[in-house]
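Colleague: Protein chains in written order, with our numbering: chain A, 11 to 652; chain B, 18 to 528; chain C, 222 to 320; chain D, 40 to 203.
Don't read these hints as lab results, they were simulated from the structure. Take the hints with a grain of salt, since some may be wrong.
[Claimed, not checked] Heads up, incomplete: computed chain D residues facing chain A, CB under 8 Å, no partners named:
(1) Leu87
(2) Gly140
(3) Val141
(4) Leu144
(5) Asn147
(6) Ala148
Note that the Cβ used here is the ideal one computed from N, Cα and C, for glycine as well.
Residues per chain are reported as follows:
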Amino acid sequence: MAGDGTLALAALLLHAVAFLVLAVAAPLRRLGRPAGYVSILCAAGSLAAAVLSWRAHAGEAISRLVWTWLPTEGQTLATVGVLADADSTLMLTLVALVALLVQVYSLGYLSDESAPALGRYYAYQSLFAFSMMGLVLAPNFVQLFICWELVGLCSYLLIGFWYQRPAAARAALKAFWITKAGDVGFLIGIVLLWRHTGTFDLAEMRVLAGNGAIPLAGLAVITFCIYLGAVGKSAQFPLHIWLPDAMEGPTPVSALIHAATMVTAGVYLLHRTDWLFALTPDVLAIVVWIGAFTALLSAVLACVQTDIKRVLAYSTVSQLSYMMAAIGAGFSAAGFFHLLTHGIFKALLFLGAGAVIHAAHSNDLTDMGRLARRMPQTAIVFTVGALSLAGLPLFAGFLSKEEILGAVRAGGFTAPFAMLILVAFLTAFYMFRVVFLAFFAEPVALHAGAPVAAGVGAHASHVADAGHHASHAAAGVAAHEPHEPPASMLLPLWVLALLSVAIGVYFTFVHPEPEFTSPAWLMPVAVGSAVAGILLAWATYQRRAIDAASLAAAFGPIYRSALARFWIDDVFERAYLLAILGFSRVIGWIDRYLVDGVLNMLSAWTVTAADDLRTMQSGRAQDYVYGIAVGLLVLLLWVQFG
Amino acid sequence: MNRLPLLSIMTWAPFASALIIMFFARRRPLLVRWTSVVGTGISLVASIWVYWTYDRAAAGFQFQEAFPLVPSLGISYLMAIDGISALMALLTAIIIFAGVFASWTTKERSQEFYALLLVLVTGVFGVFVTLDLFIFFLFYEIAVLPMYLLIGIWGSSGDIRPQGIFGWAMGRTGVGTKEYAAMKLTLYLLFGSAFILVGMLALFVATGSRTFSFLELQTMQFEPALQTWVFLAFYVGFGILAGIWPLHTWSPDGHASAPTAVSMLHAGVLMKLGAYGVVRMGMGLLPDAAVDWAWLVGTIGCINIVYGALSAMAQTDLKYVIAYSSVSHMGIVMVGAATLTPTGLNGSVFQMFAHGIMTGLFFAIVGLVYEKAHSREIFKMGGFGAMMPGIATAFTIGALSSLGLPATAGFVAEFLTFLGAWTSDYPWWLFPAVIGAFLTSVYVLRVAGQIFWGPKAPDPHFQHLPDAQGPEWAALGILVFVLVLFGVLPSIAIAPVDTATGQLLLRLTGQ
Amino acid sequence: MGLQAYLTLAAIVFCIGLFGVMTRRNTIGILLGIELMLNSVNINLVAFGRYSGDVTGMVFTVFTICITVAEAAVGLAIVILLFRVRRTVTADHLDLLRG
Amino acid sequence: MTADAVAFWCLAVVLVGSALAVVLTKNLFHAVLWLALALTGTAGVFLLLDAEFIAAVQLLLYAGGIVTIVVFAIVVTERLVGERISQTSRRIAGGAVVAGGVLALILNAVRGQVFPAARPEMVGDLTRTVGETVMTRFVLAFELLAVLMLAALMGAIYFARPDD
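Only chain A is shown next, with the shape it has when bound in the complex (with noise of 0.2 Å):
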C-alpha cells in the first residue's frame, strides 16, 4: 500500500512547502499575516492528508517509502522516507491537528506583533510541524534522530521568540543545552546501536528482534544511552527543568511544542522501539522509576506555583512521566494513548490558559479571579480540560490514565503505583486551584495579604507573556475589562474541548480490549483521589474554608523546598558556572599562557640572543678584516692541524 505511504509524506512535505516559500521569499514572510495564510493554507492541507492517511492504516498496513540520504563504501548507510502504519499516522494526525489549530489560534494571539515577527514565527512553525512529522515517519534512527533534533531547534527558536527579553533568551539557551545533554546519549546510543546491529533501520531491527538476532550483552547500555535521550526532550528527572522556563515563549507555541507534541517524542521514541527495550528489563525498570519519581516531584511543584503556564508546564512533566511509567512497565501502547488524549486536552488547557493571559494581561493566578463572568466560554473549554486532566469520567483522560495505572500495577511495580495514585490526587488538586482561582474565586486582590499570595515573593518569575502583553496594555490598565478572546482563538478551543469530551465519553462506553486485566478496585481508587482533589480546591480556594497558609504550614519543609524548586535548578547553573564556564576558564588561561607561553618563551630567548648577538656586528669594516684574518687562521689551522 505504497499509495497510502505518499499520503503521509504529503502530509509531511506540505509544512516543507510552507517553511521553504516562508524562509525564501522573505518579502512574502516580512507581511506577516499573509505569511500566516500561507501557512495555514498548508497545515490544513496536511492535516486533510494525515486523516487520509490515518484511515488508510487503521489496521496491520504498514507502507514505507525510503531514498538513499548517506552512501558509503558504494553502498547506503542511511536513508530517508516514510514508515507509515497504524501509530505513526495516528499520532501524525494528532501533530497535524494541534499544528493547525495552534496557527490558527495564533492569528489573534499574536495580532499585536510587527509583521515581520509575525512571518519569523510563521515560518518557525512550518519548520516545526515539517519536523515533527518527520520524527513520527522515521523509518530508521537516523532520521528520527535528524527531526529530533530539529524539533529542539525550533523549540529554541520559540522559546526565544521574544529574544529582546533576557528570561526568554536565557530559557531558550537553557532548554537548547539540557536537551542537547540529553541528546549526546541518544546519539551514542544510535551510533552503538548501529555497530551493534548493522542497521539504522527501525523494521530491519525489529525483525532482528523478533529473531533474537540481537546480542544482549552490552545492549541495556546501549538502550539506556537512548532513554537519556528521552529524558531530556521529555524532561525526565533530572532534565525537566527546561520545560518550566520553557514557558517564556509564546503561548501556542507552548500548547503545541511543550505540551501537545515534542515533548512527547520521547514517549514516542520509547513507544516505537518498545520491542527493543523489551529486551532490555533492567533499564525499563528504571524508566518506571525515574517516571514515578518525576511524577510525583512535578505535580507537587505544581502546587505551589502561581503562574499559570509553569502549573501547566509541571503537569506536563508530570503527565509525561506518568506515560513513562506506563511504558517502563511493559505496556508502552497505554502511554501512548495517553500520549493522544494528554495531547488534546494539554493543548486546549494551554490554548485556553492563553485566552486568559490575553484578557487579564498577567500569568499570575492572583491577578485573576471571576473570570468566568466576563469570559465563560473560556472558562467553560478551561474547565473541560481540567476535569480531562483530572481523568474524571465522561473525559478524555479518564480511561488513558486508568490504563496507565492499571499497567503500572501489571507490571509489579508497587511503589511507582502509590506515588501515580497520590500524584493523581495532586493533578486534580492543583488543576481546579487553577480554575477556581482564575474563573470562580473572588480575586485574591481582595482578599490583602491573602495566603494564596505566599509563594509569589519567594520564587515566582511571571514576566513571560505578561510582560509582553503590558506594553501595549499600558494605554489604559485601569480601564482594561478582561473580555473574551475573538473567534480565532475560540474556534481552536471549542474543536479541542469537544474532541476532549468526545473521547472521553467514546471511551467512558466503549472500553477497548486492554492488554492486562485491572482489579475492580482500582478505577474507583483513581476517580476518588481525583475528586478528592478537587473538593480540596474547591474547599481551600473557591469556599476558603481551609486556610491555604496552613495548609502549606503543614507541609512545611516540602512547601519551601517546592518553591526552591528542589534546588535543582541551582545544581544545574552551578555545574554550569563552576564545571562548564569555571573548566573552560581555565583551559584558556592554559592555552594562552602555558601552551602559547612555551612557544612565546622560545621566541623571547631567541630574540635576547640576538640582542646580544648584534653587538658583534660594531659596523667597522675593519672589525670584520680582522674577523676574515682570524677565520683564515683558523682555517689554515684545521687544514694543517686539525
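Fit chains B, C and D to the supplied structure of chain A, relying on the hints for placement.
Modeller: Below, chains B, C and D without anything else, positioned relative to chain A:
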C-alpha cells in the same frame, strides 16, 4: 582526448587576475574587485564543472594533465583530481568567491590586497590538484607566504595582557599585535614546511628512481623505519597547518588578526591543506606508518576537540571564539581520518568541507559585525538580531552547523565521524568527539544569544546598525546556501568522496 | 730561484698588507694595504704561470691589475664622498652598518 | 749565486722593506710614496719572471695610475679638512700576531709542497702569446672587463661629483 585543461584553468585564473590587477588596475578599486570576481568566478565554474563531470563510476584520478618540467629530476607538471581533491577544490572556489565579496569594503591598498589574495588562492588550488610532490611543495609555499603580508599590512591588533610564568616572554614578543600574529603564523608554518620538505626529499631519495610523481610513489613500498619517521614529519609539518594540539597556537592569533577574507580563506581552506596533506601524503604514501600511528593522530584529534571547545568558551573576543572553534573542528577531521574506516574518512573529508564553509561564513560575519559595530567584544554587544536580522540568521545557521545540528553540513560530517570512530580500533574516541559537539553547542549558542538573540546592549553606539548590504549578501547567501544544501543532500558530496576514500583505505588496511 | 721563493715573498707581502688593513685607522691607509695584498696575489699568479709554462697566469694578472685600478678609483671616490659627508676619513667613525 | 738570485734577493729586500714602510709610516703621503716603490719592486719581480709586458703594465697602471689617484685623494681630502692628515694605527700587537700567524701557516704550507725547481722554456714572444690569449680564449672576460672599467669610471665620477 582533446578537452579543456580545466584544472590548470581553475588554478591559474586567480593568478592571471592578480597580474591584471597589478598591472592595469592602479587606483581603480572597482576594476580590482570585478577582476577578482571574474577570476575567482572562472575558478568556481571550472571547479563545479570538474566536480559535476567527475566520473564516479570510474573513480581514481581524472582530468589528468602532464608535461615534464625538469626531466632529470623527475619533476613534472602533473595535475589530476580524485573525489577528495575535487571536493576540496570546490570548497576553495566557493570560499574565495565569497571572500572577494566579503572584503569588498577594503579601503587601504585594495589593489595589492586582492592581488596577494588571488596569488594565495592559486597556491591553494595548486596544492589540491597537483600530484607532483615537488610542485605540491611549491604551491604549498605560495599558499603560505602571502599570509605574512596580508596579516602584517591589513590585519588588526588585539589586546592581550602578558601574565603567568611566561609573562616576560610574552611582553617581549609583543603578543596581540598584528605583526606578532603574522610573524608567528609564518614562522610556525615554515617550520612545518621544513619537515614536509625533508620528508618529501627522503621519499624521493628512497625511491632511487628519480620521480616526484605521486602516482608512481604510491605504488612503492617503503621500508618501515623510513615510513615511520617520514610519516611523523608529514604529520608534524601538515599538522601544524591543520592546527593540531599543542602546535595550534598560531591559529587563534593569526585568525584573529587577519582581515576578513584572509581569515575566511585561512581557516576555511588553508587549515584543510594540512589535513589534506596528512591524508593524501601521509596515508596515501605511507600506509604502514599510517596504521601504526593512527592512535597518535586520533588521540591528539580528541584533545583538539575538547580542548579547542573549552578554549573557545573562555574567549571574550568574537574572532578568537571562531578561531578556537576551528581548532576544535579540525580535531574532528583528524579523528575521522585516524579511524581508518570508510565512514570515518568520509566524515573527515566532509568535515573539512563543512567546516571550511561554516568557518568562512563565521569570519565573514565577524568582519561584517566589526565593520558595522566596530567591536569584537562579545559581552559588550547585544540584541543585534533586531537590527541586522540577515546577519543574525546567517550566524545562527553557521552556529547550528558548528554544533552539528542536522540539516546542516556539520551534522553529516560529525555523524559519519562518530560512526567511524566507534567502528575503529579505538572506539573510545567517540566520547570526546560527542562531548566536544555538546560543548560546541554551549559556547556557540552562548555567543549567538549574547550578540544577536538577546536583550539590547545599552551602549549608544549599538542602537542603529545596518544589516548586510549589496555584495555582502552575496557572500552570506552563497555560504549559507552551500551549508544547508550539503546538509540536506549530503550524497552529492559523499558519493564522489567515497570513491576516493575506499581506494585509499584499500592500500592501508588491505581489505 | 725556485717557485718557493716567489711564493714566500708573495706571502710576506700579503701578510704585511693584511696587517695594514687590520691596523690602519685611516681609510686611505686601508686602501694602501689592500693594494699590497692584491700585488702579492699578482706575484703568485705570475710565478705559478711561469713555472707551469702557462700564460694564463699572466693574462689573469692583467685582468687583476685592471680590476684593482677600477677598485682603487671607486674606493677613493667613496672615500672622498664619505669625507665630504662625514668630515672624517677615520674608519672607526664609519659605523653606519652597526647592528 | 747567480745574477738572478742576487737580483731576486735585492728586489725582495726592497719589496718587503717598502711594504713595511707603507703600513708603518705615520705620514700618509710618505706611505703612498713607499707604495710606489713597492709597486715598482713588484714590477722588477715580474721582470725576473720573464713577464716584461706585465711589468710594464704594472708600472704604467699601478705605479703611475694608482699612486697618482691616491695622491690626488689625499690632497683633496686634506684641502677639505684644512689640516695635515696623519695616520695612526691601532691593535698593532693583535694585527701582528694574526698576520704573523697567517704568514707562518702559509709558509708552512708552502714549505711542505714539492714545486718544480726549474722553469720550463717558453718559446716565442711571451707578450705576443699573452695578447693572443686575451683576444681569443679570454675575449669575453676581456670585453666584460672593459664594461667594468667603464662602470667603475662612471661610478667614481658619480661618487666624487661636486655637490649640486
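Colleague: Now, for every hint given, state plainly whether the structure supports it.
Modeller: Evaluation of the provided hints:
| no. | hint | result |
| --- | --- | --- |
| 1 | Leu87 | violated (28 Å) |
| 2 | Gly140 | holds (5 Å) |
| 3 | Val141 | holds (6 Å) |
| 4 | Leu144 | holds (4 Å) |
| 5 | Asn147 | holds (6 Å) |
| 6 | Ala148 | holds (7 Å) |
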